[in-house]
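**Student:** Let the hints inform the model, and build the full structure from the sequences given.
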Amino acid sequence: MKNKISIKITSKKLNMQTCYDLVSDDSSGGIAFFVGTVRNITKGKTVNQLDFSSYETMAEKEMKKIALQTFKKYDIIKIAIHHAVGELQIGDIPVIIAVSSAHRGAAFDACQYTIDTLKQTVPIWKKEHFDDGEVWVNTHP
Amino acid sequence: MKNKISIKITSKKLNMQTCYDLVSDDSSGGIAFFVGTVRNITKGKTVNQLDFSSYETMAEKEMKKIALQTFKKYDIIKIAIHHAVGELQIGDIPVIIAVSSAHRGAAFDACQYTIDTLKQTVPIWKKEHFDDGEVWVNTHP
Amino acid sequence: MKIRTLFFGIAKDIVGHSSKIIELKKKTTIGQFQVYLTEEYIDLKGVNNFAFAVNEEYATSDHQINENDTVAVIPPVSGG
Amino acid sequence: MKIRTLFFGIAKDIVGHSSKIIELKKKTTIGQFQVYLTEEYIDLKGVNNFAFAVNEEYATSDHQINENDTVAVIPPVSGG
Chain S
1 MKNKISIKIT
11 SKKLNMQTCY
21 DLVSDDSSGG
31 IAFFVGTVRN
41 ITKGKTVNQL
51 DFSSYETMAE
61 KEMKKIALQT
71 FKKYDIIKIA
81 IHHAVGELQI
91 GDIPVIIAVS
101 SAHRGAAFDA
111 CQYTIDTLKQ
121 TVPIWKKEHF
131 DDGEVWVNTH
141 P
Chain P
1 MKNKISIKIT
11 SKKLNMQTCY
21 DLVSDDSSGG
31 IAFFVGTVRN
41 ITKGKTVNQL
51 DFSSYETMAE
61 KEMKKIALQT
71 FKKYDIIKIA
81 IHHAVGELQI
91 GDIPVIIAVS
101 SAHRGAAFDA
111 CQYTIDTLKQ
121 TVPIWKKEHF
131 DDGEVWVNTH
141 P
Chain V
1 MKIRTLFFGI
11 AKDIVGHSSK
21 IIELKKKTTI
31 GQFQVYLTEE
41 YIDLKGVNNF
51 AFAVNEEYAT
61 SDHQINENDT
71 VAVIPPVSGG
Chain Z
1 MKIRTLFFGI
11 AKDIVGHSSK
21 IIELKKKTTI
31 GQFQVYLTEE
41 YIDLKGVNNF
51 AFAVNEEYAT
61 SDHQINENDT
71 VAVIPPVSGG
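In order, the protein sequence lines correspond to chains S, P, V and Z. Anchor point for the first sequence: position 25 equals 25 in this note's numbering, and the numbering is continuous, going up by one each time. Anchor point for the second sequence: position 87 equals 87 in this note's numbering, and the numbering is continuous, going up by one each time. Anchor point for the third sequence: position 9 equals 9 in this note's numbering, and the numbering is continuous, going up by one each time. Anchor point for the fourth sequence: position 42 equals 42 in this note's numbering, and the numbering is continuous, going up by one each time.
Some hints here could point you the wrong way.
Unchecked claim - Coverage of chain S stretches by chain P, computed from C-beta distances (three or more under 8 Å per stretch; other residues unrestricted):
| id | segment |
| --- | --- |
| 1 | 18 to 26 |
| 2 | 31 to 37 |
| 3 | 41 to 47 |
| 4 | 96 to 105 |
Quick caveat, the hints were computed from the structure, so don't treat them as lab data. Owing to the predicted nature of the structure, the values given are computational and were not obtained by experimental measurement. Every residue, glycine too, gets a C-beta built ideally from N, C-alpha and C.
**Tutor:** Laid out in structure tokens, this is it:
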């Protein structure tokens with residue numbers, strides 16, 4: 001299983017080609033990706049900058065759990081789950097998920113399951129900076 | 001609609017970053033990609049090289065039809081459908097589909113619909129070269 | 001009636017041309033044209049059902065071909 | 001009983017530390033620990049339901065905390 005799962009939390013820029021190379025496989029029929037985008041407007045206000053922070057050791061464990069669950073649920077070949085932390089500028093990529101499978105339906109399903117679950121369980125937090133202050137996303141009713 | 005749809009058939013290498021830039025949008029919640037992979041084994045035989053050829057003008061029309069259908073069926077923001085033609089080496093990418101949407105579920109569904117339909121309707125043909133000959137994929141029972 | 005005919009994929013390999021002007025004596029449907037082609041190029045019979053396009057749009061076998069139409073022979077596609 | 005407590009996200013901003021050793025007098029569950037923390041740091045009450053992890057695993061409110069455990073306060077996550 002070791003070279004079938006790539007988990008990364010990094011303060012460097014995420015790279016789609018790196019993820020492609022990690023999950024690409026001779027028996028793959030194709031690769032499904034989810035690539036996060038940083039919006040520059042939240043609720044009508046301009047976001048100047050974003051900070052992502054994580055409970056890194058636990059986040060990696062949770063990401064690995066998701067990867068293992070994904071292998072149980074779907075017929076996939078390899079998966080990469082990479083998340084950026086630190087200061088992100090507008091246009092930077094916070095998350096990339098890449099999944100290869102012999103059957104593209106399974107690749108799509110697994111990719112969607114992974115991002116949905118990551119957003120619910122992985123201890124990573126996003127703070128948005130505006131001209132008039134800053135907000136931890138999701139923290140207030 | 002013009003700057004929401006990018007259709008390309010090219011003999012140059014396809015580029016994920018180019019597709020990302022084309023569909024990335026301020027209001028996007030994320031981007032779903034499908035990236036084709038060239039297998040180096042078909043039915044147990046080693047593929048040395050692939051040739052993709054197309055009925056280019058019609059293929060572009062069919063790809064545009066798919067893009068427009070996708071906008072009708074799903075709540076998406078932008079779509080890119082890029083296909084390579086000519087001689088591809090193992091490791092080259094034959095097709096990239098990228099879809100942005102405010103809702104990632106719609107992006108995944110639209111991306112999957114697009115690749116499924118492309119494989120059925122777009123006049124592009126793949127020829128595989130082996131040590132002992134060559135085969136037009138799908139042409140014989 | 002002159003028809004510009006395009007051959008792609010395996011059809012091009014079988015026929016030996018990518019394009020040919022074919023002269024038809026009478027009004028012809030795509031279905032009749034297919035019969036004509038498979039008689040002329042017997043190896044086309046070995047290919048899985050192929051489709052036709054008239055002026056870059058898929059056409060069914062009852063489609064009537066007109067003077068100066070461009071008819072394309074579309075073997076099973078395998079893009080993606 | 002000494003508990004290493006980690007604070008993340010908005011909890012870190014409210015508490016003013018990312019990590020603190022907290023001394024507990026008796027056996028404590030996560031639920032009781034949460035009550036203690038919200039009394040100590042009143043602003044934590046304004047935050048949407050936060051979760052806890054014990055030794056890097058999510059823990060429910062009836063989970064018993066043991067000596068030398070690392071307890072993390074996990075505000076609503078917002079990765080992806």
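**Student:** Now tell me, hint by hint, if it's right for this structure.
**Tutor:** Status of the hints after comparison with the structure:
1. 18 to 26: That given contact holds, which follows from 4 residues of the segment 18 to 26 of chain S lying within Cβ reach (below 8 Å) of chain P.
2. 31 to 37: With 7 residues closer than 8 Å to chain P, the segment 31 to 37 of chain S meets the three-residue bar; holds.
3. 41 to 47: Not satisfied, violated; 1 residues make the cut.
4. 96 to 105: Holds: 3 residues of the segment 96 to 105 of chain S have a Cβ under 8 Å from chain P.
Violation of the numbered hints given earlier is confined to hint 3; every other hint is satisfied by the structure.
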